[in-house]
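K.L.:
Each chain, written out:
There are 2 protein chains.
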Amino acid sequence: MKALYDRIMQDGRCLDGGILKVDRFINHQMDPYLMKQVAVEFIRRFADSGANKIVTIEASGIAPAIMLGYLLELPVVFAKKKKPSTMGEFLVTQIRSFTKQREYTLVVSRDYLTSEDKVLFIDDFLAYGNAGLGIVDLCRQAGAEIVGMGFIIEKEFQQGRKLLIDAGIRHIESLAIVESLEGNKIKLKD
Amino acid sequence: MKALYDRIMQDGRCLDGGILKVDRFINHQMDPYLMKQVAVEFIRRFADSGANKIVTIEASGIAPAIMLGYLLELPVVFAKKKKPSTMGEFLVTQIRSFTKQREYTLVVSRDYLTSEDKVLFIDDFLAYGNAGLGIVDLCRQAGAEIVGMGFIIEKEFQQGRKLLIDAGIRHIESLAIVESLEGNKIKLKD
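Protein chains in written order, with the working numbering: chain Z, 3 to 192; chain C, 3 to 192.
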């Protein structure tokens, strides 16, 4: 996806430890027009998915997910990192974030993830794949089917894709694939 | 805004302690089409604001903010509740959440809130007004101007509007105003 590749090369920055900072246009300041383009590209790539619900994780997944949900006319659910006191029955899973070096829980209400759902999961990054695995676990608990997982950026060298394939995800799409950040230089896959 | 009023009466639920639960269509599961309608109504109400940036708070403000930013072709910044390890120079303020009975910090990078900004702040709820006050403080630190604050739902009886007016906010719009939740019944203002 050329607009995204160009933008990453222009505004992305590398930090030590394999971190790609995209807070100018994706996960702190957001470019809504780019988010719309991202959503359109997801539609193209998941044209035959049969999804009836978009699922994401707060907070950075919400913008692309709501754009996609708007264009596809589908409800969007974001998994929360803390259980609100007002949530009734819920599903919960535990995630290890390698980037942030901590564990966190992921919570979704039983009301909004059920065995009726064919889930297209959308997130900003595919890195080590642990957030995706958390969604696999929540969907398994709910009896929901995952029909695909779409990521704006995949850090290929952190090998999350393999984990998700091993967990049974058959359709994974990433709109930009980072081959390496060695020497703090961004190398994107053609 | 009729579509929103109807939806609150249909899908909103009251919990003890003045809580209005709208997690079926706003802040857990989200209805993207309603979010687009909300954004259009904000455009109408802030037609002359001269905003050049939309600011919101993670996570529930992101969906209406990104829709509004998309339609207005403006960048959207969401304030974070934790400082990411990768954030450079930042502004920080402390918020007291009455609903959640705890304090939290609100953080924004200095790169994305500056004295060039004319900020339209968007959030899901206006309750006691403390989140809005936090944004006032961050904008003051940045030298940014706040040209308006727009909320999807205002709980009038929690009197946050007065706090924001006293803090100098001249243009506040709420698309649905809840007069009371007494007896766990939703009473909306005509």
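Don't read these hints as lab results, they were simulated from the structure.
As the structure is a computational prediction, the values presented were derived from the model and not from experiment.
One should not assume that every hint holds.
Just so you have them, the derived chain Z footprint on chain C, three or more residues with Cβ under 8 Å [unchecked claim]:
no. : stretch
1   : 21-29
2   : 42-51
Some chain C residues well away from chain Z (every beta-carbon gap over 10 Å; in silico) [stated by the list, open to error]:
no. : residue
3   : D33
4   : K38
5   : E60
6   : K82
7   : P86
8   : S87
9   : T88
10  : M89
11  : S111
12  : D113
13  : K120
14  : G145
15  : D192
Yeah, the Cβ is synthetic: ideal placement off N, Cα and C, and Gly gets one too.
K.L.:
Taking the minimum C-beta separation from K38 of chain C to chain Z, is that value above 10 Å?
P.N.:
6 Å, violated
K.L.:
G145 of chain C clear of chain Z by more than 10 Å, beta carbon to beta carbon?
P.N.:
17 Å, holds
K.L.:
Over 10 Å to the closest beta carbon of chain Z is the bar; see if S87 of chain C clears it.
P.N.:
Its Cβ does come within 10 Å of chain Z, the nearest being 7 Å, so this is violated.
K.L.:
Was D192 of chain C rightly flagged as not at the interface, with every chain Z Cβ beyond 10 Å?
P.N.:
27 Å, holds
K.L.:
Just want to verify: M89 of chain C was marked as not at the interface with chain Z; is every Cβ pair farther apart than 10 Å?
P.N.:
Nearest chain Z Cβ is 7 Å from M89 of chain C, so the label is violated.
K.L.:
If I take the minimum Cβ distance from P86 of chain C to any residue of chain Z, is it greater than 10 Å?
P.N.:
8 Å, violated
K.L.:
Find the nearest Cβ of chain Z to the Cβ of K120 of chain C and say whether that gap is larger than 10 Å.
P.N.:
15 Å, holds
K.L.:
Would K82 of chain C pass as off the interface with chain Z, using Cβ distances and a cut of 10 Å?
P.N.:
K82 of chain C is in fact no farther than 10 Å from some Cβ atom of chain Z, at 7 Å.
K.L.:
Going by Cβ atoms, does D33 of chain C stay more than 10 Å from chain Z at every point?
P.N.:
Label violated. Min Cβ-Cβ 6 Å, cutoff 10 Å.
K.L.:
Evaluate the condition: distance from the CB of T88 of chain C to the nearest CB of chain Z exceeds 10 Å.
P.N.:
Label violated. Min Cβ-Cβ 5 Å, cutoff 10 Å.
K.L.:
If you count the residues of the stretch 21-29 of chain C with a beta-carbon closer than 8 Å to a beta-carbon of chain Z, do you get 3 or more?
P.N.:
holds (count 4)
K.L.:
Regarding the assertion that E60 of chain C does not contact chain Z, is the least Cβ-Cβ distance greater than 10 Å?
P.N.:
At about 4 Å from chain Z, E60 of chain C fails to clear the 10 Å cut-off, so the statement is violated.
The structure does not agree with the numbered hints 2, 3, 4, 5, 6, 7, 8, 9, 10, 11 and 12 stated previously, though it agrees with the rest.
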